[in-house]
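Enquirer: Listed here are the chains, written in short residue letters.
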Amino acid sequence: MANEEMKNKLKSFFMSDLGVDGDVLQFDTPLFGEEIGLDSVDSLEIISFVDSTFGVSMTGVAKENFQSIDTIAAYIESHKA
Amino acid sequence: MTPDERRCVVTGLGVICAVGNNVEETWKSALESVSGIHKTTSLDTKNCYADLAAEVKCDTLDQIDAPEEKDRVSKLCIKAANEALADAGLSNFGDDQRVSVVIGSCVGGVLSIEQYHQHGRDAAEIAKMPIASIASQVAETCGAGGIVTNVANACAAGTISIAVACDLIRAGKADVVIAGGADSFASVPYSGFLSLHALDENGCSPFNRCNGITLGEGAGIVIVESYEHAQKRSAKTYCEVLGSGVTSDANHITAPREDGVCLMEAINRAVKNSGIDKSDIGYVNAHGTGTGKNDNAEITAFKNFFGEDNANVSVSSTKVMTGHCLGAAGAIEAVFSIKALTTDTVLPTFPYTEEQSAALKEKVGALDFVQNKARHKELKCVLSNNVAFGGTNAAIVFSKVPGEVSAQSAKAKKIAVTGLGIVSPLGNSKAAYLDAVKAGKKPESASVHSTIALEDYKELGIKMAFYRKLDNLGQLQTVSGMRALQDSAFQVTDDNAKDIGIIVGTSEGGLGATYDFEELIAEAGNAGGSAFKFPHTVYNAAGGYLSICSGIKGYGVTITTGPLSGLDSIGYSMNVIHDGQEKAMMATGTDENLPIITEFAQKLGVAAGDVVAPFAENEGFVVGDGSVSIMLEEEDYAKARGAKVYCYALGFGHGRKNVKFGKLAGSDEALDKAINDALADAGLSAADIDAVCGFANGCKRIDDIEKGALKRVFGDKLATMPLFEVKERVGEGRAGSAALAAAEAAMLLNGELASDNAYFIAGDGSVTSKAADAAGLKKILIISFAAGGSYSAVVFGKNP
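As you go down the protein sequences, you meet chains A and B in turn. Just so we're aligned, residue 7 is where the first sequence starts under my numbering, counting upward by one. Just so we're aligned, residue 8 is where the second sequence starts under my numbering, counting upward by one.
Treat the hints as calculated values from the structure; they're not laboratory data. Check before you lean on any hint, since a few could be wrong.
Computed far set for chain A versus chain B, every beta-carbon distance over 10 Å [what the hints assert, rightly or not]:
(1) D45
(2) S54
(3) G61
(4) V62
(5) V67
(6) Q73
Pair by pair, the computed Cβ-Cβ distance ranges are [unchecked claim]:
(7) K380(B) <-> N71(A): 16 to 26 Å
(8) F38(A) <-> E462(B): 21 to 31 Å
(9) Q498(B) <-> S63(A): 46 to 56 Å
(10) G299(B) <-> Q32(A): 45 to 55 Å
(11) H383(B) <-> T59(A): 56 to 66 Å
(12) D501(B) <-> S18(A): 32 to 42 Å
(13) E208(B) <-> N9(A): 33 to 43 Å
(14) G28(A) <-> Q363(B): 48 to 58 Å
(15) R382(B) <-> D27(A): 28 to 38 Å
Listed next, the stretches of chain A that the computed footprint assigns to chain B, with coverage defined by at least 3 CB atoms under 8 Å from CB atoms of chain B [stated by the list, open to error]:
(16) 24-31
(17) 36-42
(18) 46-52
Idealized CB from N, CA, C, for every residue including glycine.
Assemble the whole structure, with the sequences as input and the hints as a guide.
Expert: Listed below in structure tokens is the structure:
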């Protein structure tokens, strides 16, 4: 899957499942910052989505990998089977 | 000492849980350190990392009247209630208006939601779904004809129910209250806690491994009786129920505050309201769920609260026996606490190895965490506390001595209405509602709903990081609540955050969200639940979100009885203020119209095919929704901050005549009683009332009850007395409409609403309508109803 397509999929998920406004969400926007405000409950949802959509487990993965759509996509890219 | 008329005693106990089907069996198991946690046999555990539960094994649950009309949760509750009533030497009350039922629950009839979704969408399941059915069916079973309500504060609901029971008795509204909680084990909570990774795959280990909870199920019932009533009938008494404390974290929808300060405040209030010393508490039955977040917050709260004054108080969690029974937890733990108190026994948490004991000691210091075996300890008072989703904290004291309970200490205070927040299908502000009235707007179709827009959040300064988490019900409640604060110019600060509380009234609460969650896991399996969506299934999430958004940290309770919950929130808030518990209260009515809610109304044959007006003698009504929040304040407190006063809340009344839950027919005269009760509470007579804000919605069966009662109470006066009906504009919005009727009364009394369309009922029953002026209206009666035969009435007046 092209990297761009993966990032767009992640973005759609943040919008539809975690209630994030699309117009403020860029690929490098900090997800756990003040504006988007994701928390530990949201990270459970991200892990579940990434696992079921891309087949990559992010359980127990260091926090910096969840910083933005860019970093999540990079983690998926480097851990795809 | 607490004066006799304020003393509440326990005269009966009933319980059913994984370690026993009655008090005797359960207590024996507790003394023998028996755990009821086993591999679940009732749910699909495919791909699920945890498969343990503490399930009830009982084959006599169906030995009640019409079991097919009741969800498992009601059956569990009725079984425990019957045991408690027999224990108290009480039987059918024959609709005695002095006997109430207050039941807590978290997931209510969730098994019936599952049944409906997976097995043919049978209309017969619908009336079994809402939490409101539980107390109503208990009342119907034993003929309790007083206030019948449910507390829906998730895992703290059982404790709050007993607290509310005592508040009712001390306010003189009841002599006997059947109080407690019930919940059943089901896929929705199982899948939800799995998705939060909050289940311990090895079984919960509170204050020890702290890897998560294990779900249980069951019911606990405590018969709370006024001391004088119990004396009169020479009843056996277990103990006194002293003070309680309820607070809100205003922090997170699922996680408790790490510093435990709001839990500590709840405990502090309970002890202070009891008029006892901290050192009088000999044992604490902790919430002790087994999650690190909960257990650590509790340890912090206990250490800080008891400090040097009672450093070695005994503490334990009994959830290792019963599992976490959610809304039943506090009630079952109340039964444990009362048995512990009256037999001078402290119960254990288990199993602890020597190493684990040493590690615990390190963590808890001097606190005496009772491990592995129950033991004898002389006890004077016992504290039980619970914590819930939505940030609710609750604590209550059971005692051998009457204490010095503070109640009704502010009874003489006048209560002012100082702010309104209106969200309805007509728009999301008071201004939008006033404009719609002026323009004579009617519902656009037979199913209408409110829609929150980004502009609403912008106007209220609510950030995306917050509002993105809200479900529909939470959106409606947050916006109406924040608008009410804004309208009353009430700034919540660190100094006053504990002076103000919230009571949310709702008919269906999180029922729609629960249905959505059920739909999700029916497709994805129990392992496929959503951690984001699960919190919305609890009815008190909406109130929790409002508390988080506003910073309100005082009393926080969600009640669910049916449409009248939007008036009961006002009545109970008046009582909280009169009890001196808070200076200000936000009373709300909130319900949503999701597509599934309209489907339920259609299946039940109460949804109109087209737009209908009140008194249209139709078979159905327009399905609507809305959230209305009303600020109530002690008059002096409001005046001291220069608040604008709309009007005054003068009286609250209630009436009930038991009919089957889901029905109203045959209960008509209970509405007369509610009205007369409210008038008496306000020190008024029917002649003093200038107008009525009613509940007519176009459905003949409902409207005729209103017409009949008003005719009996007001006689010929009804032909010239304006009857305002908000549902002509917003449809049947259940609790949202009941609170809107109160808001309409407030706006008529202060003149913001100069006139509105009004209905007049002639002697022959014929109805006409015309615009009526607000000028000259000084006292307005507001009424509402609930399936099962309950009615509420509130009186607002221009002057105190």
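Enquirer: Taking the hints in turn, state whether each one holds.
Expert: Now the hints, each set against the structure:
Chain B draws D45(A) into its interface by the beta-carbon criterion, the shortest separation being 8 Å against a cut-off of 10 Å. Against chain B, the non-interface label of S54(A) is violated: not every CB pair exceeds 10 Å, the least being about 7 Å. The claim that G61(A) lies off the interface holds: its Cβ sits roughly 15 Å from the closest Cβ of chain B, which is beyond the 10 Å cut-off. For V62(A), the requirement that its beta carbon stay farther than 10 Å from each beta carbon of chain B is met, with the minimum near 17 Å.
Non-interface status of V67(A) relative to chain B is upheld: no Cβ of that chain comes within 10 Å, the nearest being about 14 Å off. Remark: the non-interface label on Q73(A) is consistent with the geometry, its nearest Cβ contact in chain B lying 16 Å away (cut-off 10 Å). At about 47 Å, the beta-carbon gap between K380(B) and N71(A) misses the expected band of 16 to 26 Å. For F38(A) and E462(B), the hinted distance range of 21 to 31 Å is satisfied, since their beta carbons lie about 27 Å from each other.
A beta carbon spacing of about 47 Å between Q498(B) and S63(A) agrees with the range 46 to 56 Å that was offered as a hint. A C-beta distance of roughly 35 Å is found between G299(B) and Q32(A), which places it outside the suggested range of 45 to 55 Å. Evaluation of the 56 to 66 Å hint for H383(B) and T59(A) yields a pass: the beta carbon distance comes to about 58 Å. The beta-carbon spacing between D501(B) and S18(A), approximately 40 Å, falls within the hinted interval of 32 to 42 Å.
The given range of 33 to 43 Å is respected by E208(B) and N9(A), whose C-beta atoms sit roughly 36 Å from each other. Between G28(A) and Q363(B) the beta carbon distance is about 49 Å. The supplied range of 48 to 58 Å therefore holds. In this structure, R382(B) and D27(A) break the distance hint of 28 to 38 Å, their C-beta atoms being roughly 57 Å apart. Requiring three or more residues with a Cβ within less than 8 Å of a Cβ of chain B, the coverage given for the region 24-31 of chain A holds, as 5 such residues are present.
Coverage of the region 36-42 of chain A by chain B holds. Counting CB-CB distances below 8 Å, 3 residues qualify, and the rule asks for three or more. Check result for the region 46-52 of chain A against chain B: holds, 5 residues qualifying (beta carbon to beta carbon below 8 Å, three or more required).
Violated hints for the displayed structure, listed by number in ascending order: 1, 2, 7, 10, 15.
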